Amino acid sequence: MEPLTVVGSLNSLAAIAEYVMAAAEAARLDKKVSYKLRLAVDEIATNIILHSYQEAGRSGVLDLLAEFDEQALIISIEDTGDPYDPTKEPTPTDLDQPLEQRQLGGLGVYLAIHSVDKFIYERVGNKNRNTFFVKYKSKKSQEDESNSQNL
Amino acid sequence: MKINNLTIEEVTLIDLAGNVDANTALTIQEKVLPLAQTGRKILMDMTKVPYMSSAGLRVLLLLYRQVSAKDGRIVLVGLSEEIQDTMSVTGFLDFFTTRETIQSGLEALN
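Here the protein sequences line up with chains S and L, keeping their order.
Be aware that the first sequence starts at 33, since it is given in this note's numbering, and climbs by one per residue.
Be aware that the second sequence starts at 612, since it is given in this note's numbering, and climbs by one per residue.
Derived by calculation from the structure, the hints in this document are not laboratory data.
Any given hint could be a false lead.
Rough simulated footprint, nothing fancy, chain L against chain S, three-plus residues with beta-carbon under 8 Å [unchecked claim]:
no. : stretch
1   : 74 to 84
2   : 139 to 150
Capping the alpha-carbon separation at 30 Å, the derived lysine-lysine pairs in DSBU-like fashion look like this [stated by the list, open to error]:
no. : chain 1 : residue 1 : chain 2 : residue 2
3   : L       : K681      : S       : K64
4   : L       : K652      : S       : K63
5   : L       : K613      : S       : K64
6   : S       : K64       : S       : K167
7   : L       : K613      : L       : K681
8   : S       : K167      : S       : K120
9   : S       : K63       : S       : K169
10  : S       : K63       : L       : K681
11  : S       : K64       : S       : K120
12  : S       : K150      : S       : K63
13  : S       : K169      : S       : K120
14  : L       : K659      : L       : K642
Because the structure is a prediction, the values reported are computed rather than measured.
All C-beta atoms in this analysis are idealised placements derived from N, C-alpha and C, irrespective of residue type, glycine included.
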């Protein structure tokens, strides 16, 4: 798809969601898979906007690109903030604790990484690049596959 | 994002409509948290919320704590399957009472 460039502001989240959903539709992902991809991209974009740009007191853009290879829809986001690798965030350990005892943050990155088939972080030049992979495989083809394995 | 509320006797019905992301969550938080007053029963209708990110979970967490601190109660109504999934993997779903309709939500509160 054509790339999308938006300013690093929370007001851009709606446009980012629209772009992701258009890509998901073009890739014919089912409803739940599309939703989870949107969630993953939204969470990472939110983090970039709030932490890499706003809290760091700098302005910048987010560059999104959706690509369709043979097996997966691949969406990448690039930003010019300081190096930040979301995969280095610790997994929340209090998810079974009563809500009174929970920490407020940390859920976004956890959700993002667990909502897609593969998530990659790279530092490329002066940019962070976060890439999300979602396989096209539909429920039907998974069933067909497991049936053929049973034969 | 539209947020309406209606209070009848001890029950406050909050009607959310729209996507809950980091851009809209703060508005919701500011409007909804003050509604959790002493002993109040809150019925939050999310039938018209197609999307909720972790920013929404944060608001739910704050609301839950506020309601608990004020000896109130809260029931969530009309959660989409996707939102239930998000609340499930983050361990939120077990701590909230959820119902499919406003009617059954009211029954759960009373």
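Now the hints, each set against the structure:
no. : hint              : in the structure
1   : 74 to 84          : holds (count 5)
2   : 139 to 150        : holds (count 5)
3   : K681/L <-> K64/S  : violated (36 Å)
4   : K652/L <-> K63/S  : violated (34 Å)
5   : K613/L <-> K64/S  : holds (24 Å)
6   : K64/S <-> K167/S  : holds (13 Å)
7   : K613/L <-> K681/L : holds (26 Å)
8   : K167/S <-> K120/S : holds (24 Å)
9   : K63/S <-> K169/S  : holds (13 Å)
10  : K63/S <-> K681/L  : violated (39 Å)
11  : K64/S <-> K120/S  : holds (27 Å)
12  : K150/S <-> K63/S  : holds (18 Å)
13  : K169/S <-> K120/S : holds (28 Å)
14  : K659/L <-> K642/L : holds (17 Å)
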